[in-house]
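Participant: With this note's numbering as the guide, the letters of the sequence shown map in order to residues 6 to 545.
I should point out that these hints are in silico values taken from the structure, not numbers from a laboratory.
Hints may be right or wrong, so weigh each one.
What the hints assert, rightly or not - Pairwise CB distance ranges (calculated): (1) Thr305 - Pro525: 38 to 48 Å; (2) Thr354 - Val386: 24 to 34 Å; (3) Asp261 - Arg44: 30 to 40 Å; (4) Asp155 - Pro128: 15 to 25 Å; (5) Leu29 - Pro115: 57 to 67 Å.
Yeah, the Cβ is synthetic: ideal placement off N, Cα and C, and Gly gets one too.
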Amino acid sequence: MPRLLPRRRTGGSLARQLLALQALVLLTVVAAAAFVAWRDARAALQRGAEQRTTAVVESLADSPLVADAVTGGDPTAVLQPFVEQVRADTGLSFVTVMAPDRTRFTHPDPAEIGRPFLGTVGPALAGTTFTETYTGTLGPSVRATGTVFDADGDVVALVSAGLTVDVVAADLAEAVPGILGTAAVTLAVGGLGSAAVARRLRRQTGGLDAATLARMLEHHEAVLHAVREGLLLVDGRGRVELANDEARRLLGLAGDPAGRPVADLGLPGELAAALADPRRGVDEVHLTDERVLLVSRMPTRTPGLGDGSVVTLRDHTELQALAGERDSVRAFAESLRAQAHEAANRLHTTVSLVELGRSAEAVEFATASLASAQELTDRVVGAVEEPVLAALLLGKAATAAERGVALEVDPGTAVGVTGLPAGDLVTIVGNLLDNAIDAALSGEPPREVAVGLAVDGHRLEIRVEDSGPGLSAEEAAEAFRRGYSTKDDAGAPDGLGRGLGLALVRQAVHRHGGTVTVRPGPGAEFTVSLPLAVPAEVAP
Numbered sequence: 006m007p008r009l010l011p012r013r014r015t016g017g018s019l020a021r022q023l024l025a026l027q028a029l030v031l032l033t034v035v036a037a038a039a040f041v042a043w044r045d046a047r048a049a050l051q052r053g054a055e056q057r058t059t060a061v062v063e064s065l066a067d068s069p070l071v072a073d074a075v076t077g078g079d080p081t082a083v084l085q086p087f088v089e090q091v092r093a094d095t096g097l098s099f100v101t102v103m104a105p106d107r108t109r110f111t112h113p114d115p116a117e118i119g120r121p122f123l124g125t126v127g128p129a130l131a132g133t134t135f136t137e138t139y140t141g142t143l144g145p146s147v148r149a150t151g152t153v154f155d156a157d158g159d160v161v162a163l164v165s166a167g168l169t170v171d172v173v174a175a176d177l178a179e180a181v182p183g184i185l186g187t188a189a190v191t192l193a194v195g196g197l198g199s200a201a202v203a204r205r206l207r208r209q210t211g212g213l214d215a216a217t218l219a220r221m222l223e224h225h226e227a228v229l230h231a232v233r234e235g236l237l238l239v240d241g242r243g244r245v246e247l248a249n250d251e252a253r254r255l256l257g258l259a260g261d262p263a264g265r266p267v268a269d270l271g272l273p274g275e276l277a278a279a280l281a282d283p284r285r286g287v288d289e290v291h292l293t294d295e296r297v298l299l300v301s302r303m304p305t306r307t308p309g310l311g312d313g314s315v316v317t318l319r320d321h322t323e324l325q326a327l328a329g330e331r332d333s334v335r336a337f338a339e340s341l342r343a344q345a346h347e348a349a350n351r352l353h354t355t356v357s358l359v360e361l362g363r364s365a366e367a368v369e370f371a372t373a374s375l376a377s378a379q380e381l382t383d384r385v386v387g388a389v390e391e392p393v394l395a396a397l398l399l400g401k402a403a404t405a406a407e408r409g410v411a412l413e414v415d416p417g418t419a420v421g422v423t424g425l426p427a428g429d430l431v432t433i434v435g436n437l438l439d440n441a442i443d444a445a446l447s448g449e450p451p452r453e454v455a456v457g458l459a460v461d462g463h464r465l466e467i468r469v470e471d472s473g474p475g476l477s478a479e480e481a482a483e484a485f486r487r488g489y490s491t492k493d494d495a496g497a498p499d500g501l502g503r504g505l506g507l508a509l510v511r512q513a514v515h516r517h518g519g520t521v522t523v524r525p526g527p528g529a530e531f532t533v534s535l536p537l538a539v540p541a542e543v544a545p
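All chains, please: the whole structure from these sequences, using the hints.
Facilitator: Shown next as structure tokens:
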């Protein structure tokens, strides 16, 4: 199928743009996370160095050996071996014991013994153990310095222990491969996930870029609002996904029905079932309270939602009314044909009687035939001022007579101009008479149909009765349902099937705020009552 809109590749497909954006975001996040991890590792190593040196300093400051040695005759001789052993056991870079005046008693480099200690000692002289980073004889180091007290609580010496920055950096370097490895794995997993998402998006968007998708959306919205057919998208769960303006108008829906089940839209049951049916359908006739709709469905497949459908709706109301009027004209033409045929037969009979010398019988026969036909015409035309309705009654009478059914117009019939649409009058009266004639033909002779029309105040009353077998109470309750019929589909007009006529009658009656009832039992009787905006003048 050709594409309606061309692809634009200027900025790459939406999937490709999203992949590039995800890659940039992922790289930024992973780099930031790696930096934070490295900084946290460095801070942790710094804290660890401070805790190790502080622990060694406090242990030596509390040791009686150290306090006794610094007050003895040769502190270096006693403390240097001991302190170096502690330094080796703890892995520190240096451990120095000094006099309060900074003179060193111990040092990893014996040449530094006796020289002044390089670093801060003020807080230690005040009796506080503290840590700092300072550059001494071994270079920059993380060190802790504490106080050695004698038995009287006097400061007799200071202890300082430290780790050079190089040692801390070496420990940090050992942690870097783990940080980078974790970052690389995270980046790889994130990249694969982004690629999978981009590939799925590319399939769903057909490889289109963002500009083309935006343009398609604008065209989509414009088409939905401009198209003169109703359009519904229904998912596999029977919920409306989309309804354009025309669909809402044709179905009489207030507001947007998107997300609501079709069954909850307040539509007639058969129409709701047709809209939710996922099977293919073409030009199915369905009725609302005011319209005749042609419903077509095209199945679709929505991932995760099962079978859905695209439903199109076309308004068939006016066409149906025109079809009713056409049928009325056709019936009238057929009645004229039948009358012409009958008139030819009667004329031939009259001429034959004259040729046989039976002039009196010829005059009597011709006069009787003319009087019978003229009587019905005069009665209908005189009682019914609605020309379309009068023509319909005359046409149906001729058609009924041709089929062997006597159609009697009630002598009390009297209807002026009603102001009701001619198409609706044809729909109501024509369908009631057609059903009555069919019902009379299925009954026993004599086969008769009676019709009466009268104006009672502000209402037009229509009554149609037949001599057929009638309807049971159950059949009467179902008579006006779309699709219900006691006859087969043979001969149904326009291929629409049976069961539409009475449904159209009910629709037309309800559209004008009227009522229609049926009397069950032998010889069904249908009664219609229609309100009139202005009382119709009764025909004289």
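Participant: Among all the numbered hints in the text so far, which are the ones the structure does not match?
Facilitator: Violated hint: only 3; rest satisfied.
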